[in-house]
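K.L.:
Turn these sequences into a full structure, and let the hints steer you where they fit.
Protein chains in written order, with our numbering: chain A, 7 to 346; chain B, 1093 to 1382.
Hint data in this document are derived by calculation from the structure and do not stem from the laboratory.
Lysine to aspartate or glutamate pairs mimicking DMTMM-like chemistry, simulated, CA-CA at most 20 Å apart:
no.: 1; chain 1: A; residue 1: 336; chain 2: B; residue 2: 1367
no.: 2; chain 1: A; residue 1: 182; chain 2: A; residue 2: 42
no.: 3; chain 1: A; residue 1: 346; chain 2: B; residue 2: 1369
Cβ-Cβ distance ranges computed for the label pairs, FRET-style:
no.: 4; chain 1: B; residue 1: 1294; chain 2: A; residue 2: 271; range: 35 to 43 Å
no.: 5; chain 1: B; residue 1: 1379; chain 2: A; residue 2: 221; range: 21 to 29 Å
no.: 6; chain 1: B; residue 1: 1356; chain 2: A; residue 2: 344; range: 23 to 31 Å
In this text, a Cβ means the ideal position worked out from N, Cα and C, and glycines have one as well.
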Amino acid sequence: MNNVFIYCEIEDGVVADVSLELLTKGRTLAAKLGVDVEAIAIGTGIEGVVEKQIFPYGAKRIHLFDAPGLSPYTTLPHASIVCKLFKEEQPQICLMGATVIGRDLGPRVSSALTSGLTADCTALEIGEFEDKKNQKVYKDLLYQIRPAFGGSIVATIVNPDHRPQMATVRDGVMKKEILDPNFKGEVVKHDVSKYVSQADMVVSVIERQVAKAKNNLKNAPIIVAGGYGVGSKENFKLLQDLAKTLGAEIGASRAAVDAGWIDHDRQIGQTGVTVRPKLYIACGISGQIQHIAGMQDSSLIISVNSDPQAPINTIADYVINGTIEEVLPKMIKYFKKNSK
Amino acid sequence: MSYKIIVLAKQVPDTRAVSKDAMTPEGTVNRAALPAIFNPEDLNALEMALQIKDANPGSTVKIVTMGLPKAAEVIREGLFRGADGGVLLTDRAFAGADTLATSYTIATAIKKIGDYDIIIGGRQAIDGDTAQVGPQVAEKLGLPQVTYAEKIESLEGKTIRIKRAITGGVETVETKLPVVITVNGSADACRPRNAKNVMKYKYAQTPSEAAQKPTPYAAIADSKPYLKIEEWNNATINADLQQCGLNGSPTKVKNVESIVFAAKESKTFSASDADIEGLMVELLANHTIG
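P.N.:
Rendered as structure tokens:
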């Protein structure tokens, strides 16, 4: 009872990276609280397929729900299972990916359990909270830490009285680490018919097209990223030229994506992808915390910006004061000249 | 057949416009310095509703918003673009709400409206980016939800087919009305204001706006009921105050910090040929590139 639960996303029998990252984080939180981390796996034909992916991350128990109609994901059957399971198991913490699925399921579950939910957390910690108004001190609460208000502030949210404490976290924000490749926990097979009613099957998936990710931003060693300062869609070609020369992937800030200069799936930051490349070249990016949250762990950061006061310059290792039109072609030229 | 559509909209500070001026000397956000706008994805939602209305004559679009009295602006904007009416939920008791308390209040108001087939809102609001209110309203009303919607593929009788964005692709789902839909920013952009509607609704006001600053038409507003924007408080919707506002919010803000990054020792270069060549040589020498 009162354990830490991770909802595992499963696509074609493969457990999503974000779920494994959350199992890793959940393990740390559970250890601090002196409880176990448990996994929820819901799908069709997943028995015997997902256990060996989940156990190495230290889940003491997998709650397995395997029945027809549970893959692909639809909201209501998964929500019914999670809600009912939580009433039985009384977890103190539940984590989900801040993905299309987690952001669809999380609020539905939290509303049904009136439990509260914090979206898109960038850090999770355990700590105490003093409710000054009611003069009450709560120990061992989950600090749900996230940038807010366009990223200009970071808020720590707590959930003193309601359980479970729920949070979603984006793909790549937490690190994925195997506890022990041979770790074995317990598999609890549940009778799905006790959790899902026919009324839950009211939404049916007619057609589905899923392509493999078009880019490899998350694992790219070098990223050339553009922000609002790039100025236009045409100017992104300068970034593409540099990326091609250096063998880099293209990334962008939210402002550049919102301006329609580049695809949404290349957005880096709190509401996009989190990256940790060995070199990050920020071109015309001012450096809102939303963006910085997604790239600050890069080994080396170069900022190309015509504004010497751009906030991103404070976290950059190298700052080049200049416009991208001027600087990027020179970077290409001198890379080519000196790499031969 | 005709449909009764409710559009959930929110007036939000334009967080995309957060600049140095928007920060106070203490490092907190000066909300007043940011323009208040119609939440962008709620505009996509409004367009989706208006397209259903266009294709199904006799359908109506009603905007529901919760916020300060000023949020009536969102309803007027909706009327200018083709909506038929609106309800503003405003009350001090609603203040300080997290997403759960907000959803309770909105769902309670929708129950009072009673007659609806489709509820559509934006996927998320740019001041919080949580994407939680839509699904939570659906749960409170006991309705199915379709999130991340991009397009209504078909609507025949009570059966609706919706194309939605999923990780790495798209899927089409089918369900029965009534349903709650949240619309992704990749859906069709909202049509502009319609000049005729602007003429018609220019003086539409809530009762408290009319009391504070009556328009030249206030005197004849009674004969033109479309000029009255409905304004509901907790008594109108008979809300349980324990579930509204700060009281009804399980999540509490422990603390808020403005961001200060540990500044690194950075090396600064000019855009001169010599500087950039020097940098590239250094990066090549330490095998960062190449």
